[in-house]
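Spelled out, the chains give:
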Amino acid sequence: MRAIDRVKAARRQDRPGAAEFIGAVFDGFIELHGDRVFGDDKAVIGGVAFLDCRPVTVIGIQKGKTVDENIGRNFGMPHPEGYRKALRLMRQAEKFGRPVVTFINTPGAYCGIGAEERGQGEAIARNILEMLRIDTPIVAVVVGEGGSGGALALAAADEVWMLENAVYYISSPESFSAILWKTAAKSEQAAEVMRLTSGDLLELGVIERVISEAENASGPADFQGCFDALKATLAEKLRELEERRNAGELLAKRRERFAGF
Amino acid sequence: MINIFKKKKYITLPPPKPPEAGGAAPSVPEGVWVKCAHCKKAVYKKNLDAFRICPFCGGYFRMNARERVAITADENTFSEFGWNIECKNPIGFPDYEKKLANERQKTGESDAVVAGTCEICGIKTVLCVMDSNFIMGSLGTVEGERLARSFDCAGANGLPVVVFTASGGARMQEGIMSLMQMAKVSAAVGEHGAKRLFYASVLTNPTTGGVTASFAMQGDVILAEPKALVGFAGPRVIEQTIGQSLPEGFQSAEFLLEHGFVDHIAGRREMKAALGSLLRMHGGGKGCCQ
Ligand SMILES: [Zn+2]
Chain P
1 MRAIDRVKAA RRQDRPGAAE FIGAVFDGFI ELHGDRVFGD DKAVIGGVAF LDCRPVTVIG
61 IQKGKTVDEN IGRNFGMPHP EGYRKALRLM RQAEKFGRPV VTFINTPGAY CGIGAEERGQ
121 GEAIARNILE MLRIDTPIVA VVVGEGGSGG ALALAAADEV WMLENAVYYI SSPESFSAIL
181 WKTAAKSEQA AEVMRLTSGD LLELGVIERV ISEAENASGP ADFQGCFDAL KATLAEKLRE
241 LEERRNAGEL LAKRRERFAG F
Chain W
262 MINIFKKKKY ITLPPPKPPE AGGAAPSVPE GVWVKCAHCK KAVYKKNLDA FRICPFCGGY
322 FRMNARERVA ITADENTFSE FGWNIECKNP IGFPDYEKKL ANERQKTGES DAVVAGTCEI
382 CGIKTVLCVM DSNFIMGSLG TVEGERLARS FDCAGANGLP VVVFTASGGA RMQEGIMSLM
442 QMAKVSAAVG EHGAKRLFYA SVLTNPTTGG VTASFAMQGD VILAEPKALV GFAGPRVIEQ
502 TIGQSLPEGF QSAEFLLEHG FVDHIAGRRE MKAALGSLLR MHGGGKGCCQ
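Line by line, the protein sequences give chains P and W. Under this note's numbering, the letters of the first sequence match residues 1 to 261, in that order. Under this note's numbering, the letters of the second sequence match residues 262 to 551, in that order.
Errors might be hidden in some of the hints.
Said to hold, decoys possible - In the DSSO-like style, the derived pairs of lysine-lysine whose C-alpha atoms are separated by at most 27 Å in a straight line are:
id	chain 1	residue 1	chain 2	residue 2
1	P	K253	W	K360
2	P	K253	W	K367
3	P	K253	P	K65
4	W	K456	P	K186
5	W	K456	P	K253
6	W	K367	P	K182
7	W	K360	P	K182
8	W	K456	P	K182
9	P	K95	W	K360
10	P	K182	W	K349
11	W	K456	P	K95
Said to hold, decoys possible - Chain P residues, not near chain W, derived (Cβ > 12 Å throughout):
id	residue
12	M1
13	R12
14	K42
15	F96
16	E117
17	N127
18	G149
19	D200
20	E215
21	S218
22	K231
23	K237
24	R254
25	R255
26	E256
What the hints assert, rightly or not - Okay, the calculated bits of chain P under chain W, using three or more residues with CB under 8 Å as the criterion:
id	stretch
27	159–172
28	186–196
Keep in mind the hints are simulated off the structure, nothing from the lab. By construction, the Cβ of each residue, glycine as well, lies at the ideal position given by its N, Cα and C atoms.
Sequences are here, hints too, so could you generate the full structure?
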């Protein structure tokens, strides 16, 4: 598969998003709302759920499935209040000693007047900084698009996993091409050189695990294998990371992970 | 406050006639005149002092990293870290080595960050300055490594850190590895901060993208230069996204102050004294009543 085809697959409307992954992998999800500062960003969903009967804080960036829902969820492009809600929930997780799993599917953080007024840069910066200091296991899973800083703001984690056809990048291939080659028309070529596929990123050490997808998977039913794989591997990984936390080594290892880049 | 850097007024021979706007002036040697980006007037280069402030409108000319160090560090105290960090062209971007070689030739710098130890108002400090002349001051693996090591070094020696930011954001030619620098530097900022050591970021024109969305906004105290453009998304990107033009002063340092993201705006001539006071208040030097 060409890199650009994976970009297209990652953006498919019928691909399961964060909410479907949370629903399929966890039990009894209770959504919690609001950043306690400005508002509740519907592009970010978060709350508490069970994995193997143990409570986990789950957070996701959610695109809409219909035009109306997409407008409500701002096409999965969070505002600062979305990142601040996520941070509030991660701090809550640390306080109660439960791990965090994030599901990422975003073209990027929103670029607009309100976003800048409320400090998009500050919100992302704070999330990254705080995530690297939160002493509870964090696993991030890129399930569709992992767009730049807007994705990293939920991915400064102990491990980052990707679905096979998910993509994770510094900018969309379209704007990469526009910035470097002054035309948006070379996005295919950009996708090839950017190393944005799960295989490339595994090789670069940016991610730890790739979750295989069925060939030509489209609707959620085709992703049952991914849901099952995640359910099994996540539970095991979180137990391992909890042991690391109990040994007082979690944060140093997390730092080491990024220091290598 | 006595400003030791204030330029003495003395009589000079009248400078040569400035070139006409838009017109060629073949008799004027190249590089004698610089155009002010704010009032568009031609300024005789020798009339720009170390602060590089327009004598006509008070606007700021861009400053390279060495010039910034010169007005920030006490005289003869800056000692640059000797790390020789090699850029490995992490995604194998075509012709990137050539681009880097050109930029190095053009700027005389190896990358977009100058870092070292110095004294600021007599207080030993790790000072990092980004240079917007080097590929727009974008954040690549070498820049990230230099910044992260600077915080580590400060942490190991119990020193505060001052970072002057100036950046167009990510280094596109390094792809995802540029993004990872945001986390790498943040991790170092976090560890330095966990030792209760002080970090001041100073936002200068322009500070955008991944730099804003990481260490620029992570200072214990965040200072800015007047009118500096500071934002996450660049103004043109926002205009394209929302299909309308942006209000006057949007994403200026003053806008950020009003919206609560900047602690204090200090002019170029006042910045060093402001940093000195803050460093002293955060344990630098001999204490608060020095
Ligand atoms: Zn001027």
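- [ ] Against the structure, test the hints numbered earlier, and report the numbers of the ones violated in rising order.
- [x] 1, 2, 3, 4, 8, 9, 16, 17, 18, 19, 24, 25, 26
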